[in-house]
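Asks: Sequence lines, in order, name chains A and B.
If you use numbering that gives the first Met the number 0, the first sequence corresponds to residues 0 to 184, in order.
If you use numbering that gives the first Met the number 0, the second sequence corresponds to residues 0 to 184, in order.
Fair warning: there could be bad hints in the mix.
Identical chains share a label here; the pair holds if one copy fits it or two copies do between them.
[Stated by the list, open to error] As a list, the in silico DMTMM-like pairs of lysine to aspartate or glutamate whose alpha-carbon atoms are at most 25 Å apart:
#: 1; residue 1: K157; residue 2: E134
#: 2; residue 1: K35; residue 2: D12
#: 3; residue 1: K80; residue 2: D120
#: 4; residue 1: K35; residue 2: E141
#: 5; residue 1: K80; residue 2: E55
#: 6; residue 1: K35; residue 2: D85
#: 7; residue 1: K80; residue 2: D140
#: 8; residue 1: K35; residue 2: E86
#: 9; residue 1: K157; residue 2: E14
#: 10; residue 1: K80; residue 2: E163
#: 11; residue 1: K80; residue 2: D56
Simulated from the structure, these hints should not be mistaken for lab results.
2 protein chains.
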Amino acid sequence: MAGDLDFTEQRIDGETVCDAGFMRMVRDRVRMHNGKEATRYVLRHCGAAAVLARFEDDSLLLVRQFRYALGRHTLEIPAGKIDAGDEPLATAQRELREETGYVADDWQQIMHCHSSTGFTDETLTVFDACGLRLEGPPAPDEHEHLQVVRISLADAWKLKQAGEITEARTLYALLWLRCRSDERL
Amino acid sequence: MAGDLDFTEQRIDGETVCDAGFMRMVRDRVRMHNGKEATRYVLRHCGAAAVLARFEDDSLLLVRQFRYALGRHTLEIPAGKIDAGDEPLATAQRELREETGYVADDWQQIMHCHSSTGFTDETLTVFDACGLRLEGPPAPDEHEHLQVVRISLADAWKLKQAGEITEARTLYALLWLRCRSDERL
Numbered sequence: 000m001a002g003d004l005d006f007t008e009q010r011i012d013g014e015t016v017c018d019a020g021f022m023r024m025v026r027d028r029v030r031m032h033n034g035k036e037a038t039r040y041v042l043r044h045c046g047a048a049a050v051l052a053r054f055e056d057d058s059l060l061l062v063r064q065f066r067y068a069l070g071r072h073t074l075e076i077p078a079g080k081i082d083a084g085d086e087p088l089a090t091a092q093r094e095l096r097e098e099t100g101y102v103a104d105d106w107q108q109i110m111h112c113h114s115s116t117g118f119t120d121e122t123l124t125v126f127d128a129c130g131l132r133l134e135g136p137p138a139p140d141e142h143e144h145l146q147v148v149r150i151s152l153a154d155a156w157k158l159k160q161a162g163e164i165t166e167a168r169t170l171y172a173l174l175w176l177r178c179r180s181d182e183r184l
Numbered sequence: 000m001a002g003d004l005d006f007t008e009q010r011i012d013g014e015t016v017c018d019a020g021f022m023r024m025v026r027d028r029v030r031m032h033n034g035k036e037a038t039r040y041v042l043r044h045c046g047a048a049a050v051l052a053r054f055e056d057d058s059l060l061l062v063r064q065f066r067y068a069l070g071r072h073t074l075e076i077p078a079g080k081i082d083a084g085d086e087p088l089a090t091a092q093r094e095l096r097e098e099t100g101y102v103a104d105d106w107q108q109i110m111h112c113h114s115s116t117g118f119t120d121e122t123l124t125v126f127d128a129c130g131l132r133l134e135g136p137p138a139p140d141e142h143e144h145l146q147v148v149r150i151s152l153a154d155a156w157k158l159k160q161a162g163e164i165t166e167a168r169t170l171y172a173l174l175w176l177r178c179r180s181d182e183r184l
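Next up, chain A with everything else stripped away, as it sits in the complex (with noise of 0.2 Å):
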């Protein structure tokens, strides 16, 4: 836009300091605008791709897991980690397959975002998955251990509205339902 000021940090030189695989930190040596020099921490990451899977009742496909970062389990729209030269609607699919047990014929995506720019370059597509249809058992990973809710839309939002939900993507996806009858979204 015109009048947009230039704050353009420059990268001197940097480092790896910890690789978690799908994730690593990385500290660098920046040069910013003013000429001064600075450190930036960076957390690089693989992206993630989550899916609001509901059936035509408005009722939607959580999963039930423990989150060792926040030492609780966790009711959330299934989710996953992008692998390398996968796409985001790829990703959903395989998820959605294996966390659940279910397929969609209808895809439609509804977000995608940083979802924390102060330190890390993650990536996050949601998307919007109609006509469910169970194909089999659901078939995690060897280290996911999920139960999966069927619930309605409005026990999810009396759990959202009592802090019992509180994943990020998940509430979006939740104020994105509530309000899709609105032709302006």
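Dock chain B against the given chain A, drawing on the hints supplied.
Replies: Chain B in isolation, oriented as in the chain A frame:
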């Protein structure tokens, strides 16, 4: 809920592998519910708060800044990290004042979430702020370089649809604002 399975993972031991001040990466060895061992990387984060600062005409305040993690400038609602001992509301109020120069009379929490449950305990609390008054010039931190942008909701929505606003909490706030005439929210 009845029928809930227990997937709890117990920490065996671990260490900090990278300390970046407001966040640190830890690597823990854990015992899964099935008795097997696994490694968990977790980004321990101080948490953040953000503000949807809006005027009576539904225009709002965004800040434009360079996000090194993304390698480009972004437009986002004002936000900042929570200092030790601070509450999210106090953080949001401070960030609004520092980044934009505005203070607000009316504050309402519209979202509390975990931003990326797969790898971090980062919490994010978003507030709606009305009754804005310009109190003075912005006073950002020494290392923050910002440009304040007042924009109509309609124009912000267009930027969202065009993929030019991609920051997650900003997208949530825009969706919330777009839907707020709906009493169900």
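Asks: Now look at each hint and say whether the structure bears it out.
Replies: Hint check:
1. K157 to E134: The answer is neither: 30 Å in one copy and 39 Å across copies each exceed 25 Å.
2. K35 to D12: within (14 Å within a copy, 40 Å between copies)
3. K80 to D120: Both: 13 Å inside a copy, 17 Å across copies.
4. K35 to E141: between (48 Å within a copy, 11 Å between copies)
5. K80 to E55: neither (27 Å within a copy, 41 Å between copies)
6. K35 to D85: Classified as neither; 39 Å inside a copy, 30 Å across copies.
7. K80 to D140: Only inside one copy: K80 and D140 sit 12 Å apart there, 34 Å across copies, limit 25 Å.
8. K35 to E86: neither (38 Å within a copy, 32 Å between copies)
9. K157 to E14: Neither way: K157 and E14 sit 45 Å apart in one copy and 38 Å across, limit 25 Å.
10. K80 to E163: This pair counts as both: shortest intra-copy Cα distance 24 Å, inter-copy 23 Å.
11. K80 to D56: For K80 and D56, the Cα distance exceeds 25 Å both inside one copy (29 Å) and across copies (40 Å).
Checked against the numbered hints given earlier, this structure breaks hints 1, 5, 6, 8, 9, 11; the rest are met.
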